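Once you have looked at the hints, place chain B with the ligands on chain A.
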Amino acid sequence: MSAPVISVESLTGRLSDQLLASADSGGCASSSCGSSTRPDDVDPAIWDKIKDHPCFSEEAHHYFARMHVAVAPACNVQCNYCNRKYDCANESRPGVVSEKLTPDQAVRKVIAVANEVPQLSVLGIAGPGDACYDWEKTKATFERVARQIPDVKLCVSTNGLALPDHVDELADMNVDHVTITINMVDPEVGAKIYPWIFHDHRRYVGIQAARILHERQMLGLEMLSARGILTKINSVMIPGVNDQHLIEVNKLVKQRGAFLHNVMPLISDPAHGTHYGLTGQRGPNAMEMKALQDRLEGGAKLMRHCRQCRADAVGLLGEDRGQEFTLDQIPSELTYDASKRETYRELVADERRDHLAARSEAIGMVKIASSGKSLLVAVATKGGGRVNEHFGHAKEFQVYEASPTGINFVGHRKVEQYCLGGWGENATLDGVIAALEGIDFVLCAKIGHCPKDQLADAGIRATDAYGHDYIETAIGAIYAAESGVPALTATA
Amino acid sequence: MAFKIIASQCTQCGACEFECPSGAIKFKGESYVVEPQKCTECEGAFETQQCASVCPVPKTCIPA
Ligand code: SF4
Ligand code: SF4
Ligand code: SF4
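Chains as they are written, first to last, in full-length UniProt numbering: chain A, 1 to 492; chain B, 1 to 64.
FYI, nobody ran anything at the bench for these hints, they're computed from the structure.
Note that the structure is predicted; figures quoted are calculated from it, not measured.
Be aware that one or more of the hints could be misleading.
Below 30 Å or equal to it, Euclidean Cα-Cα: the simulated DSBU-like pairs (lysine-lysine) are [what the hints assert, rightly or not]: (1) A:K414 to A:K367; (2) A:K395 to A:K340; (3) A:K192 to A:K153; (4) A:K192 to B:K59; (5) A:K254 to A:K367; (6) A:K139 to B:K38; (7) B:K28 to A:K139; (8) A:K373 to A:K395; (9) B:K59 to B:K38; (10) A:K367 to A:K290; (11) B:K38 to A:K192; (12) A:K340 to A:K251.
Isolated chain A (complex conformation) (with noise of 0.2 Å):
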């Protein structure tokens, strides 16, 4: 099966094409050029800092792939959502893992990835286990792969516990990303997520345990604002335990500086043994989720793109190449080639520039269209920032909502794919009809009669005819046809 990444080959054949039409228009005939180089909204310093991070930056997650690696088993706190000692190679959730590895093999395996995944630009370190309790190996993993990668940027995931007593080293080493996840600032709330914690040599258990895991979170995340390093914060929502409070938790962080606010829905299944999963408590569903994130818009900035990808997943995110990269398939002996990764981005630097010129564009026509209308449309992609992905090999589609305030990445929708073999299976069509629930229009590479037909009748309509452009493009382009406005021609 062949990876859904966006090879340079296919890049450059692209990029030649869109250079031939942009020469013959005097190459610049946009009027945002010049202020394109990065997304309107974002602050220039900071954008530097995440123009390359798919986790923290919505518009590079088209372009950029991370990659975790499990060196760090060990564990200060438990969480009633995890479990580490079950692996399944079938499933996927973060903390999840299939091989620990030491900082040895971590850096060959890191080595192996950038001389295959020219989109590798991030390293993580998230788990199973906590990167800042088992601090010795994160840093001998970070400190060698620094010295052979110099271009790779470093974060790592923690529960904050340990955390306030690694932020100078962080800094010193120019980690410049850290995820914390805080599931509460009430430990009311938290003693119903934290059995137990380990903290000064010594086992605390209920209110007092959450108690001080609050107070290291809240350190933690202010002596890194205090650096000038960004933080995101994960959180989980529980349903009935802490739904409504994580409102609260929003307002908490970005009073202390959190850069930008993510929340995931729980995953809890019986076959995972975890707490949760055992006790029968449920995981949010899509609409609720919605609803939730919607409700902290006006907070800290919240990130909707993330997609709780296993501790040693590689790649672009909502794809896994982690299988391709097991320590068996990785030769001994290993030497950085650089060349693929330097390739690949000087070709992304000008495809980008011309996206973000598309975008722009696409959002400016949506917003004076101005129907008053919202639409929420489903994108299937295989990254590059393009509807470029067929509607039956889709595993997941990127959703868009284009309202009066322009076009607004709010989540992703996974499904199971509906076309093995080039055959339809109709239980699973059902199945990605039920989990577009809510959805107006799907954009994909190409569909067929029968599958668009049955969209049809659940109210759903799908389209192929903007296949290859830039999603916002096409977006753009359906929400002026709703509105009745004529639409923009194409740009490249």
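Showing chain B with the ligands alone in chain A's frame:
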């Protein structure tokens, strides 16, 4: 004189490996195990056995 880990109860959190002052705990194959020759029961280093005090599951790190 050594401690051992009851594999069926261990959640594989890895905390004991990391806290053991003697480097006696390793992840082997499927589970964490104590190498009895290396385990000192933390004598001279800590008041209590670190594996037992860090372990979240009661009666999982016990005298062998
Ligand atoms: S789990 Fe979320 S934050 Fe972590 S790499 Fe995946 S998308 Fe980014
Ligand atoms: S008793 Fe002490 S020395 Fe022995 S395994 Fe446990 S932590 Fe290590
Ligand atoms: S601390 Fe306990 S549960 Fe954790 S790995 Fe060691 S024996 Fe297993």
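Hint by hint, here is what the structure shows:
1. A:K414 to A:K367: Holds: A:K414 and A:K367 sit about 29 Å apart, inside 30 Å.
2. A:K395 to A:K340: Given pair A:K395, A:K340 holds - Cα atoms ~27 Å apart, limit 30 Å.
3. A:K192 to A:K153: Answer violated: A:K192 to A:K153 is near 35 Å, above 30 Å.
4. A:K192 to B:K59: holds (24 Å)
5. A:K254 to A:K367: The given pair, whose Cα atoms are some 28 Å apart, holds under the 30 Å limit.
6. A:K139 to B:K38: holds (26 Å)
7. B:K28 to A:K139: Holds. B:K28 to A:K139 sits at ~23 Å (cutoff 30 Å).
8. A:K373 to A:K395: holds (29 Å)
9. B:K59 to B:K38: holds (21 Å)
10. A:K367 to A:K290: holds (22 Å)
11. B:K38 to A:K192: Answer violated: B:K38 to A:K192 is near 39 Å, above 30 Å.
12. A:K340 to A:K251: Not satisfied, since the Cα-Cα distance of roughly 43 Å exceeds 30 Å.
Against the hints set out earlier in the document, violations occur for numbers 3, 11, 12.
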